[in-house]
Amino acid sequence: MRTQTAGMSMRYLVLTVMTLMVLLPFASIVLAALHASGSTVSGMRLPENWHWENFALAWNEGGYSALMRSSFIISGAVVPLVVLCATLAGYALAILKAWGGRQVGIIFVLGLTLPVELIVIALYYNLSNVGLTNNYLGVIFAEVALFLPFGVYWMQSHFSSLPGELVEAGRIDGARDLSVLTRVLLPISWPAITTLAVLVFMWSWNQFLLVIVLMQDPEMRTAPGGLGFFVGQYSTNIPLLSAATIITIAPIVLVYIIFQRNFVSGLTQGAVKG
Amino acid sequence: MADITQVSPAPRERSRGAGLGTGRRRPLNRRAAKAWLYLLPAVIFYASFAIWPALNTFYLSFLNWDGVQPPSWAGLGNYVQIVQDPALYNSVLNALLLIVFFSFIPVCMGLLMTALLMGRMRRGMAFFRTVLFLPQVLPLVAVGVTWRWLYNETGLFNQFLELIGLGGITRAWLGDYDLALIALGFIGTWTMSGLCMLLFLSGAQKIDPALYEAATLDGAGAFRQFRSVTVPGVRREITIAGVITTIAALASFDLVFVTTNGGPADQTTVPALLVYRLAFNEGDIGTASALAITLTALVIGFVTLIRRLARENA
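Residue numbers (the working numbering), protein chains in the order written: chain A, 1 to 274; chain B, 1 to 314.
Honestly, the hints are just simulated from the structure, not real lab data.
Just to be clear, a hint being listed does not mean it is correct.
To be verified - Now the stretches of chain A that chain B is said to cover, found in silico as 3 or more residues with beta-carbon under 8 Å:
no.	segment
1	31-44
2	65-76
3	165-173
4	188-202
To be verified - These stretches of chain A come out as covered by chain B in the derived footprint (C-beta under 8 Å, 3 or more residues):
no.	segment
5	56-62
6	133-146
7	208-219
8	256-267
Computed from a predicted model, the values in this text were never measured in an experiment.
Each residue gets a CB set at the ideal place from its N, CA and C atoms; glycine is no exception.
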């Protein structure tokens with residue numbers, strides 16, 4: 001019995017150390033962000049005066065009004081587009097058994113392993129030919145294409161997991177394809193759809209390479225895109241840089257805390273099914 | 001007369017019966033064709049903004065092109081250059097080393113965390129799980145900026161080393177010629193371990209409790225149970241964690257871009273960084289595309305390898 005208690009304390013000890021390793025970096029930048037702008041900060045140290053105004057300073061210097069607007073425009077369009085296209089496609093593949101559906105499904109799944117680097121060069125030239133660089137639509141369409149492999153796969157496996165009798169019953173009641181989807185399947189699919197939306201929001205918010213390539217205009221970049229270049233300009237101003245970092249991660253941390261369950265179920269089930 | 005024609009042609013009747021069969025299938029076929037209406041939006045987006053550019057990149061990799069002047073045909077020249085240019089193949093070697101830190105160590109860490117969080121461990125489990133997974137949801141750019149500061153000469157990392165009496169080895173870690181890549185790799189370990197843990201925990205929950213009971217009856221201790229029941233039980237999840245983290249290691253761009261930008265002296269360049277630099281700073285589209293294709297081939301090669309290894313061990 002005593003060895004059990006000792007073992008349990010060991011577990012808690014190791015886990016606490018790991019937790020500290022995750023949390024200390026956050027504590028470190030939060031404290032750094034509260035020192036006087038431009039001052040030298042060393043390690044973890046409480047500031048003498050708390051400089052909350054650094055967040056406002058970083059917001060202005062980094063142009064976060066524009067960055068945040070871009071971030072929300074892009075995520076705000078990408079999430080519904082991916083969810084809509086993925087739901088329709090998943091339905092076509094899993095329930096309607098579209099012609100060649102198997103092959104189409106495989107081509108989508110292959111997209112799960114393709115790195116962004118493979119498409120970004122040609123995408124830049126293709127989009128600039130049609131005037132879609134420095135344009136929200138260009139980034140939005142590219143991100144939709146990038147996240148659709150997971151989305152289609154996710155919705156397809158969700159629809160295939162539903163009992164077939166549901167669809168049969170709907171058909172017998174005379175429902176056509178669209179009403180089977182909207183009246184029968186969608187009402188019980190919200191958990192899967194919410195999870196997809198949350199994951200797509202995270203990927204869209206965090207996307208960096210596509211944004212800095214397709215948006216040469218710094219005004220139109222997203223929060224992480226702007227932060228990436230803010231580093232170059234303010235590399236020695238640790239308090240300001242820390243404040244900018246906190247501003248950039250705040251929305252995604254908030255979404256994580258609210259939708260924790262969806263993140264966990266999405267990433268585990270989604271990945272494992274793949 | 002009408003009666004006769006109606007009664008006599010029995011064979012025709014049968015063929016009409018067959019016709020009824022196809023007739024019953026026809027609405028289904030039409031439905032399968034109409035299904036394409038639902039498939040179309042996704043296929044159009046995917047084909048025009050992912051597949052088409054990917055094929056184009058493949059084509060560009062055979063050209064000499066600066067993005068402005070008319071291109072000339074290079075054949076395999078760009079690929080030969082990748083094999084011959086030390087800066088280019090070193091970037092590939094760096095990415096391969098990063099696999100150890102992004103993939104191998106996180107999988108081990110994930111197994112350790114799973115072992116610690118399993119079984120009778122109830123109180124605080126949700127808290128630990130939530131916190132340990134947190135690094136995975138953050139934008140890598142922000143993670144990079146944070147760690148840049150932690151690795152700084154006056155940052156938290158050196159402060160900690162001084163605290164435990166190792167003040168002699170403090171340095172600007174990301175600027176150290178020999179250690180920068182390892183320091184960079186450790187950031188990957190920090191980010192990826194939580195993902196591995198989450199995957200393994202969800203896999204471990206599906207293991208039949210009877211297996212643990214049987215192991216206990218056979219006198220297996222906690223460690224033995226973990227090795228003989230849990231690890232084989234999450235083999236599938238280990239494969240998946242290996243695939244996801246290996247892709248992240250090979251295709252890593254964000255972290256490197258903000259932390260070292262390839263320095264010091266190209267010690268931390270990775271293919272993704274060179275793809276970006278060659279294409280968008282130096283205007284060497286052909287080489288950049290060839291490197292992107294090489295990178296993709298590496299990713300596909302490793303994913304296939306991991307899958308095959310997993311199948312052989314199963």
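Going through the hints against the structure:
1. With 6 residues having a beta carbon nearer than 8 Å to a beta carbon of chain B, the segment 31-44 of chain A meets the requirement of three or more and the stated coverage holds.
2. Counting residues of the segment 65-76 of chain A whose CB lies closer than 8 Å to any CB of chain B gives 0, which falls below the minimum of 3, so the coverage claim is violated.
3. Counting residues of the segment 165-173 of chain A whose CB falls under 8 Å from any CB of chain B gives 0; the rule of at least 3 is not met.
4. Given a C-beta distance limit of less than 8 Å, the hint that chain B covers the segment 188-202 of chain A is violated, as 1 residues qualify and 3 are needed.
5. For the segment 56-62 of chain A, the stated coverage by chain B is violated: 0 residues have a C-beta nearer than 8 Å to a C-beta of that chain, whereas at least 3 were required.
6. Coverage of the segment 133-146 of chain A by chain B holds. Counting CB-CB distances below 8 Å, 5 residues qualify, and the rule asks for three or more.
7. Here's how the segment 208-219 of chain A fares: 3 of its residues keep a CB closer than 8 Å to some CB of chain B, so the rule of at least three is met and the hint holds.
8. By the rule of at least three residues with a Cβ nearer than 8 Å to a Cβ of chain B, the coverage given for the segment 256-267 of chain A holds, with 5 such residues.
When held up to the earlier numbered hints, the structure conflicts with 2, 3, 4, 5 and fits the remainder.
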